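In the order they appear, the protein sequences are chains A, B, C and D. Every letter in the first sequence is one number past the one before it in this note's numbering, and letter 2, counting from 1, is 2. Every letter in the second sequence is one number past the one before it in this note's numbering, and letter 85, counting from 1, is 85. Every letter in the third sequence is one number past the one before it in this note's numbering, and letter 16, counting from 1, is 16. Every letter in the fourth sequence is one number past the one before it in this note's numbering, and letter 60, counting from 1, is 60.
Simulated from the structure, these hints should not be mistaken for laboratory data. Computed from a prediction, not measured in an experiment: that's the story for all the values here. A hint or two may mislead.
What the hints assert, rightly or not - Heads up, simulated DSBU-like pairs for lysine-lysine below, C-alpha to C-alpha not over 30 Å straight-line: (1) B:Lys9 <-> D:Lys9; (2) C:Lys74 <-> A:Lys50; (3) A:Lys9 <-> C:Lys89; (4) B:Lys65 <-> B:Lys9; (5) B:Lys50 <-> C:Lys7; (6) D:Lys9 <-> D:Lys89; (7) D:Lys50 <-> B:Lys89; (8) D:Lys7 <-> C:Lys7; (9) C:Lys7 <-> D:Lys9; (10) B:Lys7 <-> D:Lys9; (11) D:Lys50 <-> D:Lys89; (12) C:Lys89 <-> D:Lys50; (13) C:Lys74 <-> C:Lys7; (14) B:Lys50 <-> D:Lys7; (15) A:Lys9 <-> B:Lys50; (16) A:Lys89 <-> A:Lys7; (17) C:Lys9 <-> C:Lys50; (18) B:Lys7 <-> B:Lys89; (19) D:Lys89 <-> B:Lys7; (20) A:Lys50 <-> A:Lys65; (21) C:Lys7 <-> C:Lys65; (22) A:Lys50 <-> B:Lys7; (23) B:Lys65 <-> B:Lys7; (24) C:Lys50 <-> C:Lys89; (25) D:Lys65 <-> C:Lys89; (26) C:Lys89 <-> C:Lys7; (27) C:Lys89 <-> C:Lys74; (28) B:Lys50 <-> B:Lys89; (29) B:Lys50 <-> B:Lys9; (30) D:Lys7 <-> B:Lys9; (31) A:Lys50 <-> C:Lys9; (32) A:Lys7 <-> C:Lys65; (33) C:Lys50 <-> C:Lys7; (34) D:Lys9 <-> B:Lys50; (35) B:Lys65 <-> B:Lys50.
Protein chains: 4
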Amino acid sequence: MLSDDEKTKLANRLRRISGQVSAVQRMIDEDEYCVDILMQIAAASGALGKVGQLIFESHVHSCVKNAMVDGNTKERDEKLAELVELFRKYARID
Amino acid sequence: MLSDDEKTKLANRLRRISGQVSAVQRMIDEDEYCVDILMQIAAASGALGKVGQLIFESHVHSCVKNAMVDGNTKERDEKLAELVELFRKYARID
Amino acid sequence: MLSDDEKTKLANRLRRISGQVSAVQRMIDEDEYCVDILMQIAAASGALGKVGQLIFESHVHSCVKNAMVDGNTKERDEKLAELVELFRKYARID
Amino acid sequence: MLSDDEKTKLANRLRRISGQVSAVQRMIDEDEYCVDILMQIAAASGALGKVGQLIFESHVHSCVKNAMVDGNTKERDEKLAELVELFRKYARID
Numbered sequence: 001m002l003s004d005d006e007k008t009k010l011a012n013r014l015r016r017i018s019g020q021v022s023a024v025q026r027m028i029d030e031d032e033y034c035v036d037i038l039m040q041i042a043a044a045s046g047a048l049g050k051v052g053q054l055i056f057e058s059h060v061h062s063c064v065k066n067a068m069v070d071g072n073t074k075e076r077d078e079k080l081a082e083l084v085e086l087f088r089k090y091a092r093i094d
Numbered sequence: 001m002l003s004d005d006e007k008t009k010l011a012n013r014l015r016r017i018s019g020q021v022s023a024v025q026r027m028i029d030e031d032e033y034c035v036d037i038l039m040q041i042a043a044a045s046g047a048l049g050k051v052g053q054l055i056f057e058s059h060v061h062s063c064v065k066n067a068m069v070d071g072n073t074k075e076r077d078e079k080l081a082e083l084v085e086l087f088r089k090y091a092r093i094d
Numbered sequence: 001m002l003s004d005d006e007k008t009k010l011a012n013r014l015r016r017i018s019g020q021v022s023a024v025q026r027m028i029d030e031d032e033y034c035v036d037i038l039m040q041i042a043a044a045s046g047a048l049g050k051v052g053q054l055i056f057e058s059h060v061h062s063c064v065k066n067a068m069v070d071g072n073t074k075e076r077d078e079k080l081a082e083l084v085e086l087f088r089k090y091a092r093i094d
Numbered sequence: 001m002l003s004d005d006e007k008t009k010l011a012n013r014l015r016r017i018s019g020q021v022s023a024v025q026r027m028i029d030e031d032e033y034c035v036d037i038l039m040q041i042a043a044a045s046g047a048l049g050k051v052g053q054l055i056f057e058s059h060v061h062s063c064v065k066n067a068m069v070d071g072n073t074k075e076r077d078e079k080l081a082e083l084v085e086l087f088r089k090y091a092r093i094d
């Protein structure tokens, strides 16, 4: 569960990312230089990764922690399997 | 320079990415499960990478190619230096 | 803790990776084509990522799990903080 | 083509990477802590990426440049297609 403070911060970041995606669209429409568009895309992608990192952090320190402390074996194992899956996804392995 | 056909395809992809970013925002607002949000972020990030790949491809086969064929030494060297910079940025080295 | 079976599998993978790194060195010495060398490097890098994924998996299902079940608050929090750090490192964010 | 100076520098880096891969093997054998092993793997992986970056740079400023200046259309197109493929591989898209 994300706190209200975390939500506000994430909303700000996501608003900025939306703006970056719109900027990419506009740059394409206006035939701006490809390399500048690619740099804008890299910026949006980095910002999105940062949002992922923040949510992962919050996830670990709330959901995972709670499942570990209070959950039953099944809930715990589920959380651990999800961590493995997230790692695979985000480390972009295979 | 992107062709009209490429622009249309990219616009479709970017519209979908905007939708994914909005979905992330909505999922956060509605307290959806962090792991689902993280999977949505990974999807948006992958889609953004694909847009980058397409623009890079077009860039290489138009701007870089033209600079190589018609450009002077300075223009050529600029294009090559940009390729190195893009590679560094996208391969996320250091 | 890695099981003997996991250790054998990882040793095989690491032997292969050592071979790939040696191959890169040999290819450089023999002036092989840069693009072939770069593909060999990408292969070694992917193989190394896979070893990381396997160790992470084992880590989560043994060390993290045990700390969650048997550990005290301090041990648990340590494991969780390490997960966040590993995620940041492997997702190559910032 | 890599210069002798570049080759020496790359050889040093590759020797260090071989050492890091051996260290991973030794750490596994000696049951060292998984997180430390994972950090060592991340270091080796980062070092390998840096070698890739250096070879890419040299490739662009020699092979690609030469093909652009002196090559025929077929050679040029080959180089450009390879750049696209390398970008896809290293940016780990799809």
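Verification of the supplied hints:
1. Between Lys9 of chain B and Lys9 of chain D, the direct Cα distance comes to roughly 44 Å. Violation of the 30 Å bound is thereby established for this hinted pair.
2. Pair hint Lys74 of chain C plus Lys50 of chain A holds up; C-alpha atoms about 27 Å apart against a cutoff of 30 Å.
3. Using a Cα cut-off of 30 Å, the hinted pair Lys9 of chain A and Lys89 of chain C holds, with the two alpha carbons roughly 22 Å apart.
4. At roughly 22 Å between alpha-carbon atoms, Lys65 of chain B and Lys9 of chain B fall within 30 Å of each other, so this suggested pair holds.
5. Taking the CA atoms of Lys50 of chain B and Lys7 of chain C, the gap is about 36 Å. The hint is violated against a cut of 30 Å.
6. As the CA atoms of Lys9 of chain D and Lys89 of chain D are separated by approximately 24 Å, the hinted pair is consistent with the 30 Å bound.
7. At roughly 12 Å between alpha-carbon atoms, Lys50 of chain D and Lys89 of chain B fall within 30 Å of each other, so this suggested pair holds.
8. For the given pair, Lys7 of chain D sits about 34 Å from Lys7 of chain C by alpha-carbon distance, which is inconsistent with the 30 Å threshold.
9. Proposed proximity of Lys7 of chain C and Lys9 of chain D is contradicted: the alpha carbons are some 33 Å apart, above 30 Å.
10. Straight-line distance between C-alpha atoms of Lys7 of chain B and Lys9 of chain D comes to about 43 Å, which puts the hinted pair past the 30 Å bound.
11. Distance hint between Lys50 of chain D and Lys89 of chain D is fulfilled; the C-alpha atoms sit about 15 Å from each other, no more than 30 Å.
12. About 16 Å separates the Cα atoms of Lys89 of chain C and Lys50 of chain D, which keeps this hinted pair within 30 Å; it holds.
13. Only pairs whose Cα atoms come within 30 Å are accepted, and Lys74 of chain C paired with Lys7 of chain C is accepted, the gap being roughly 29 Å.
14. Under the criterion of a C-alpha separation no larger than 30 Å, the hint pairing Lys50 of chain B with Lys7 of chain D is inconsistent with the structure, at around 34 Å.
15. For the hint linking Lys9 of chain A to Lys50 of chain B, the alpha-carbon distance of about 27 Å falls within 30 Å, and the restraint holds.
16. Proposed proximity of Lys89 of chain A and Lys7 of chain A is supported: the alpha carbons are some 23 Å apart, at most 30 Å.
17. With a C-alpha separation of about 12 Å, the suggested pair Lys9 of chain C and Lys50 of chain C falls inside the 30 Å cut-off, and the hint holds.
18. Pair hint Lys7 of chain B plus Lys89 of chain B holds up; C-alpha atoms about 23 Å apart against a cutoff of 30 Å.
19. Annotation: proposed proximity of Lys89 of chain D to Lys7 of chain B holds, straight-line Cα distance about 24 Å (limit 30 Å).
20. A distance of roughly 21 Å separates the Cα atoms of Lys50 of chain A and Lys65 of chain A; the hinted pair therefore holds under the 30 Å criterion.
21. Using a Cα cut-off of 30 Å, the hinted pair Lys7 of chain C and Lys65 of chain C holds, with the two alpha carbons roughly 19 Å apart.
22. The straight-line distance between the Cα atoms of Lys50 of chain A and Lys7 of chain B is roughly 28 Å, inside the 30 Å bound, and the hint therefore holds.
23. With a C-alpha separation of about 19 Å, the suggested pair Lys65 of chain B and Lys7 of chain B falls inside the 30 Å cut-off, and the hint holds.
24. Distance hint between Lys50 of chain C and Lys89 of chain C is fulfilled; the C-alpha atoms sit about 15 Å from each other, no more than 30 Å.
25. With a C-alpha separation of about 35 Å, the suggested pair Lys65 of chain D and Lys89 of chain C falls outside the 30 Å cut-off, and the hint is violated.
26. For the hint pairing Lys89 of chain C with Lys7 of chain C, the CA-to-CA distance comes to about 23 Å; that is within 30 Å, so the pair holds.
27. Restraint check for Lys89 of chain C and Lys74 of chain C: satisfied, since their Cα atoms lie roughly 22 Å apart, inside the 30 Å limit.
28. At roughly 15 Å between alpha-carbon atoms, Lys50 of chain B and Lys89 of chain B fall within 30 Å of each other, so this suggested pair holds.
29. Taking the CA atoms of Lys50 of chain B and Lys9 of chain B, the gap is about 12 Å. The hint holds against a cut of 30 Å.
30. A C-alpha spacing of about 43 Å is found between Lys7 of chain D and Lys9 of chain B, which places the hinted pair above 30 Å, so the restraint is violated.
31. As the CA atoms of Lys50 of chain A and Lys9 of chain C are separated by approximately 34 Å, the hinted pair breaks the 30 Å bound.
32. For a cut-off of 30 Å, the pair hint linking Lys7 of chain A to Lys65 of chain C stands: about 29 Å separates their Cα positions.
33. For a cut-off of 30 Å, the pair hint linking Lys50 of chain C to Lys7 of chain C stands: about 14 Å separates their Cα positions.
34. Restraint check: the Cα-Cα separation between Lys9 of chain D and Lys50 of chain B comes to about 34 Å, which exceeds 30 Å; the hinted pair is violated.
35. Of the supplied pair hints, the one linking Lys65 of chain B and Lys50 of chain B holds, its CA atoms being roughly 21 Å apart against a limit of 30 Å.
Hint compliance for this structure: hints 1, 5, 8, 9, 10, 14, 25, 30, 31, 34 are broken, all remaining hints hold.
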